[in-house]
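Chain residues, written in single-letter form:
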Amino acid sequence: MNELIDLALGTLKARGCAGYVGASTRDEWSADVRLGQIETVESAATRGLRVTALGAGNRTASCTTADIAPAAVRAVAERAAELVAYADEDPYGGLPPEAERGVAAIDLKTDDAAFAGLDRAALAKAAIAAEATAMAHDPRVSNSHRSGASATRTRHWYGTSDGTRVETAGTRFGYHVVVVAQDAAGERQTGAWGTMARSLAALKPPASVGGEAGRRAVQGFGWKTVPSGRARVLLHRDVASQLLGIIGGAISGGAVYRGSSFLAGALGTAVASDVVTIVDDPLLPGELGSRRCDGEGVRSRRLEVIGRGHLASFLVDGYAARRLKHPYTGHDGGASNLRLTPGSASWDDLVRELGTGLIVTQFHGFGVDLAAGTISKGASGFWVADGRVQHPVQEVTVAGDLRELLQGIRAVGDDPLTESPTASPSLLIDGFTIGGK
Amino acid sequence: MSEHLLSSSLCERLLAEALARGGDAADVFAERGTTRALSYEEGRVKSASESRRLGVGIRVVHGERTGYAYCEDLDEATLLATARRAALIADGAPSSASRLKELVGLPSRYRQELPLDAATTAERVAHLKRASDRAFAADPRVQWVSCSIADSDSLVTIASSDGAFVTDRRPMLRFNVNVVARSGDRRESATSGGGGRQGFEYFRRRSPEELAAEAARQALVQFDAIDCPAGAMPVVLAPATSGILIHEAVGHGLEADFNRKGVSNYSGQVGQMVASPLVTVVDDAAIDGDRGAINVDDEGVVPQATTLIENGRLMGYLNDRLSSRLMNVAPTGNGRRESYASVPIPRMRVTYLAAGTDEPADIIASVKRGLYAVNFRGGSVDISKGDFNFNVSEAYLIEDGKVTRPVRGATLIGNGPEVLRRVSRVGHDMRLSDGMWTCGKDGQGCPVGQGLPTTLISEMTVGGRA
Numbered sequence: 001m002n003e004l005i006d007l008a009l010g011t012l013k014a015r016g017c018a019g020y021v022g023a024s025t026r027d028e029w030s031a032d033v034r035l036g037q038i039e040t041v042e043s044a045a046t047r048g049l050r051v052t053a054l055g056a057g058n059r060t061a062s063c064t065t066a067d068i069a070p071a072a073v074r075a076v077a078e079r080a081a082e083l084v085a086y087a088d089e090d091p092y093g094g095l096p097p098e099a100e101r102g103v104a105a106i107d108l109k110t111d112d113a114a115f116a117g118l119d120r121a122a123l124a125k126a127a128i129a130a131e132a133t134a135m136a137h138d139p140r141v142s143n144s145h146r147s148g149a150s151a152t153r154t155r156h157w158y159g160t161s162d163g164t165r166v167e168t169a170g171t172r173f174g175y176h177v178v179v180v181a182q183d184a185a186g187e188r189q190t191g192a193w194g195t196m197a198r199s200l201a202a203l204k205p206p207a208s209v210g211g212e213a214g215r216r217a218v219q220g221f222g223w224k225t226v227p228s229g230r231a232r233v234l235l236h237r238d239v240a241s242q243l244l245g246i247i248g249g250a251i252s253g254g255a256v257y258r259g260s261s262f263l264a265g266a267l268g269t270a271v272a273s274d275v276v277t278i279v280d281d282p283l284l285p286g287e288l289g290s291r292r293c294d295g296e297g298v299r300s301r302r303l304e305v306i307g308r309g310h311l312a313s314f315l316v317d318g319y320a321a322r323r324l325k326h327p328y329t330g331h332d333g334g335a336s337n338l339r340l341t342p343g344s345a346s347w348d349d350l351v352r353e354l355g356t357g358l359i360v361t362q363f364h365g366f367g368v369d370l371a372a373g374t375i376s377k378g379a380s381g382f383w384v385a386d387g388r389v390q391h392p393v394q395e396v397t398v399a400g401d402l403r404e405l406l407q408g409i410r411a412v413g414d415d416p417l418t419e420s421p422t423a424s425p426s427l428l429i430d431g432f433t434i435g436g437k
Numbered sequence: 001m002s003e004h005l006l007s008s009s010l011c012e013r014l015l016a017e018a019l020a021r022g023g024d025a026a027d028v029f030a031e032r033g034t035t036r037a038l039s040y041e042e043g044r045v046k047s048a049s050e051s052r053r054l055g056v057g058i059r060v061v062h063g064e065r066t067g068y069a070y071c072e073d074l075d076e077a078t079l080l081a082t083a084r085r086a087a088l089i090a091d092g093a094p095s096s097a098s099r100l101k102e103l104v105g106l107p108s109r110y111r112q113e114l115p116l117d118a119a120t121t122a123e124r125v126a127h128l129k130r131a132s133d134r135a136f137a138a139d140p141r142v143q144w145v146s147c148s149i150a151d152s153d154s155l156v157t158i159a160s161s162d163g164a165f166v167t168d169r170r171p172m173l174r175f176n177v178n179v180v181a182r183s184g185d186r187r188e189s190a191t192s193g194g195g196g197r198q199g200f201e202y203f204r205r206r207s208p209e210e211l212a213a214e215a216a217r218q219a220l221v222q223f224d225a226i227d228c229p230a231g232a233m234p235v236v237l238a239p240a241t242s243g244i245l246i247h248e249a250v251g252h253g254l255e256a257d258f259n260r261k262g263v264s265n266y267s268g269q270v271g272q273m274v275a276s277p278l279v280t281v282v283d284d285a286a287i288d289g290d291r292g293a294i295n296v297d298d299e300g301v302v303p304q305a306t307t308l309i310e311n312g313r314l315m316g317y318l319n320d321r322l323s324s325r326l327m328n329v330a331p332t333g334n335g336r337r338e339s340y341a342s343v344p345i346p347r348m349r350v351t352y353l354a355a356g357t358d359e360p361a362d363i364i365a366s367v368k369r370g371l372y373a374v375n376f377r378g379g380s381v382d383i384s385k386g387d388f389n390f391n392v393s394e395a396y397l398i399e400d401g402k403v404t405r406p407v408r409g410a411t412l413i414g415n416g417p418e419v420l421r422r423v424s425r426v427g428h429d430m431r432l433s434d435g436m437w438t439c440g441k442d443g444q445g446c447p448v449g450q451g452l453p454t455t456l457i458s459e460m461t462v463g464g465r466a
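Those protein sequence lines, which keep their order, are chains A and B. Under this note's numbering, the first sequence has 310 at position 310, and the numbering climbs by one with no breaks. Under this note's numbering, the second sequence has 436 at position 436, and the numbering climbs by one with no breaks.
Treat the hints as calculated values from the structure; they're not laboratory data. Treat each hint with caution, since some may be false.
Restraint ranges, calculated between C-beta atoms of paired labels, are given here [stated by the list, open to error]:
{"hint": "1", "chain 1": "A", "residue 1": "E3", "chain 2": "B", "residue 2": "A137", "range": "45 to 53 Å"}
{"hint": "2", "chain 1": "B", "residue 1": "N328", "chain 2": "A", "residue 2": "A169", "range": "46 to 54 Å"}
{"hint": "3", "chain 1": "A", "residue 1": "R302", "chain 2": "B", "residue 2": "R204", "range": "53 to 61 Å"}
{"hint": "4", "chain 1": "B", "residue 1": "E210", "chain 2": "A", "residue 2": "A69", "range": "24 to 32 Å"}
{"hint": "5", "chain 1": "B", "residue 1": "N328", "chain 2": "A", "residue 2": "A69", "range": "43 to 51 Å"}
{"hint": "6", "chain 1": "A", "residue 1": "D183", "chain 2": "B", "residue 2": "H428", "range": "52 to 60 Å"}
{"hint": "7", "chain 1": "A", "residue 1": "T269", "chain 2": "B", "residue 2": "S458", "range": "25 to 33 Å"}
{"hint": "8", "chain 1": "B", "residue 1": "A330", "chain 2": "A", "residue 2": "A136", "range": "32 to 40 Å"}
{"hint": "9", "chain 1": "A", "residue 1": "E3", "chain 2": "B", "residue 2": "T438", "range": "46 to 54 Å"}
{"hint": "10", "chain 1": "B", "residue 1": "A305", "chain 2": "A", "residue 2": "A136", "range": "41 to 49 Å"}
{"hint": "11", "chain 1": "B", "residue 1": "E42", "chain 2": "A", "residue 2": "A136", "range": "37 to 45 Å"}
{"hint": "12", "chain 1": "B", "residue 1": "H428", "chain 2": "A", "residue 2": "A202", "range": "54 to 62 Å"}
All values derive from a computational prediction rather than experimental measurement. All C-beta atoms in this analysis are idealised placements derived from N, C-alpha and C, irrespective of residue type, glycine included.
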């Protein structure tokens with residue numbers, strides 16, 4: 001692959017362009033299972049190459065191709081060099097300075113050798129076993145759809161016209177279960193859970209994945225809606241992690257320089273209550289979001305994004321860094337492992353402290369306006385009165401102003417973080433309005 | 001007769017190899033395409049890009065089981081190896097494929113008066129500049145404008161073991177304007193866009209200026225908005241983009257894969273009343289030039305209009321070949337896929353609520369206090385329970401039969417069948433949304449269309465902050 005990168009960069013040079021090339025190959029396998037049987041098996045070995053040409057004044061154009069025969073690579077490089085004529089000069093374009101580039105000297109354990117000899121049937125069986133556990137959890141769990149397993153290995157190569165060469169590889173294994181429960185009245189509920197990891201050995205066992213899916217499928221039966229109005233809300237870690245993802249979007253360099261984020265002008269100010277500390281750490285061994293460098297070859301580093309409520313850094317790629325005059329952070333490709341630092345409150349403490357209000361276990365739909373800083377989503381969960389869970393809640397909405405909500409974070413749970421690259425513990429928050437009856 | 005990506009004799013060899021271990025059916029889907037895109041920010045072309053796709057997916061169906069493999073080569077040895085990988089799903093004696101026969105008389109639903117390949121890069125840039133200039137001219141509060149144009153040309157050849165052999169050349173145009181406006185410390189952003197399976201004549205119908213002015217209008221109106229009230233109330237849906245309600249509340253639930261597996265809330269209800277008698281829902285592939293139009297589906301079935309609900313009664317589902325065989329009904333031409341890398345599944349095309357007879361103004365006038373929902377960002381649905389939600393980007397209060405103040409941050413939620421039973425007025429002003437929607441299912445994105453006339457839902461739960 002490095003020869004193809006040299007070929008593409010050489011072609012650009014011959015046409016008077018600098019530039020960079022990213023190439024990747026991907027081996028993937030997935031199986032859908034349903035009611036104890038394999039339903040669909042997919043497999044593929046694919047690759048792609050992207051040539052970005054930089055012309056005079058950092059005019060930028062790129063071309064991608066799935067065909068990586070030398071003739072095709074030369075052709076897309078020539079096309080990219082041709083296309084730069086149509087782009088305008090851009091004072092913020094170009095490559096990151098060499099001093100910023102490099103690969104962190106650490107084994108992140110992202111590439112599991114188990115991929116090569118993977119027993120695919122065994123992984124599909126894990127999904128089937130998890131499905132069986134979910135179905136056995138409760139007699140009302142009676143149907144299944146879209147359960148499955150997958151394994152992928154991706155390799156990346158990156159090269160620039162000024163000599164950087166980076167090569168990385170990563171594996172991902174996972175399986176998941178989606179089951180449907182139906183009660184005597186014909187009411188249906190869905191429960192889903194899964195596990196995903198960089199190494200095969202790190203996957204959670206089928207009994208735990210299936211049990212969780214089964215539990216989730218039946219936990220909503222007997223739901224009621226609640227009256228509309230303002231209420232204190234406890235976001236379970238699954239939805240708290242989604243809120244964290246929204247914050248990640250609001251501090252991404254692209255949204256900031258376009259002014260399309262409510263946090264655009266907030267660097268250095270208190271944007272959240274002082275119980276909130278958020279770190280993006282690409283150097284955690286074995287985690288899904290880990291990487292030794294970003295997509296532009298900028299060295300990865302641990303970065304405190306919000307420290308005790310103060311916004312300390314945006315997540316920038318090279319373009320946003322130059323444009324915002326912000327230090328390089330290594331975020332071409334977005335956040336890595338974005339984590340809200342756990343606090344000390346147990347789940348029971350949080351429920352007690354919630355007093356009367358809504359536990360949200362699921363958000364539904366999009367409902368986020370990053371520019372205005374508003375969130376408005378469908379929600380389900382449980383109603384709590386006097387520190388005790390009363391009944392499941394569905395078909396309600398929760399809405400709020402993100403500035404107020406971040407300031408309104410009262411307590412942070414001590415829950416273990418999930419496998420997801422963006423992970424938060426449960427959060428107790430003031431400032432949501434509930435829409436129900 | 002068209003130029004095929006793979007010859008019929010090669011496809012026959014691949015189908016034979018795919019069925020060498022048995023199986024009920026097999027197909028080959030080959031695709032070659034180019035997408036060109038330009039992005040424009042701050043009065044300059046920020047980037048130009050072009051991407052080239054080439055690949056072949058081969059599928060073997062054996063009972064309810066599917067084997068799928070794909071490759072990014074057109075050479076025969078690689079293709080045969082890909083067929084053998086797909087064939088691993090079966091393990092019996094070979095089954096045979098019918099002799100391929102080219103489908104003739106394919107409809108022509110993407111005529112281009114000003115073909116995309118004839119448009120120059122300079123012309124594309126000029127359109128972007130016109131849009132950007134117009135958005136900035138709309139109001140000094142407009143701080144940032146991003147515009148983009150992307151168009152693609154895709155050639156697909158499909159060969160099916162039942163004998164269908166067809167090649168379809170599919171153009172797609174998409175133009176987008178995003179505006180960020182600022183007033184004091186408040187920021188608002190809005191997007192407007194459109195396009196479809198058509199050429200540059202699209203801009204005769206909607207000019208870059210019109211799209212830009214619309215994006216600016218939607219952003220600026222939010223500065224006058226008050227917080228949306230929360231709770232249950234009547235909702236009037238404005239025509240066109242509100243069709244997302246039909247897409248989420250009904251469309252997905254009627255996709256045959258969910259119904260064959262008994263997981264949809266509409267499973268087993270064909271022939272029953274599932275909606276108000278005012279509700280007729282159609283999924284139509286034959287709307288010329290629409291983003292959701294297709295001449296042939298991705299399994300080689302020529303699709304037409306499919307009536308899903310007629311005057312409240314459920315008429316049928318959206319089928320792909322697999323579901324139609326297992327459920328013993330005719331395929332409806334809804335087998336679609338994102339690309340050669342994906343198995344076809346039942347997907348919508350252009351889904352709309354048919355026009356009624358009410359005067360739109362009368363519908364609004366009939367509401368004492370409620371919400372008038374005009375534009376939407378997107379939505380989703382839980383298939384089993386039928387609960388859907390959608391996020392409203394532009395809405396107004398209705399007070400005493402009049403549309404009054406804009407509201408911000410509204411979300412609508414509800415249960416599909418329940419909301420369809422509460423459709424109490426349907427206007428005569430059915431309009432299709434401009435082509436900007438991509439539907440997501442099983443991780444595959446698929447271009448779709450949608451539409452709706454002015455419609456009153458007697459009660460829906462509205463999410464907001466007031």
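For each hint, the structure was consulted:
For the pair E3 of chain A and A137 of chain B, the supplied restraint of 45 to 53 Å holds, since their beta-carbon distance comes to about 51 Å. Our hint of 46 to 54 Å for N328 of chain B and A169 of chain A holds, since their Cβ atoms are close to 48 Å apart. In this structure, R302 of chain A and R204 of chain B meet the distance hint of 53 to 61 Å, their C-beta atoms being roughly 54 Å apart. Checked against the hint of 24 to 32 Å, the C-beta distance between E210 of chain B and A69 of chain A comes to roughly 44 Å, which is inconsistent with it.
N328 of chain B and A69 of chain A have their C-beta atoms about 46 Å apart, which keeps the hinted 43 to 51 Å range intact. Taking 52 to 60 Å as the suggested C-beta distance range, the pair D183 of chain A and H428 of chain B does not conform, at roughly 42 Å. Roughly 46 Å separates the CB atoms of T269 of chain A and S458 of chain B, a value that falls outside the hinted 25 to 33 Å. Hint check: A330 of chain B to A136 of chain A, Cβ distance near 39 Å, so the stated range 32 to 40 Å holds.
At about 37 Å, the CB distance of E3 of chain A to T438 of chain B disagrees with the hint of 46 to 54 Å. Range check, A305 of chain B to A136 of chain A: about 45 Å between beta-carbon atoms, so the 41 to 49 Å window is met. Here the CB-CB span from E42 of chain B to A136 of chain A is close to 59 Å, at odds with the stated 37 to 45 Å. Restraint check, H428 of chain B to A202 of chain A: a C-beta distance of roughly 60 Å satisfies the suggested window 54 to 62 Å.
In this structure, the hints that do not hold are numbers 4, 6, 7, 9 and 11, in rising order.
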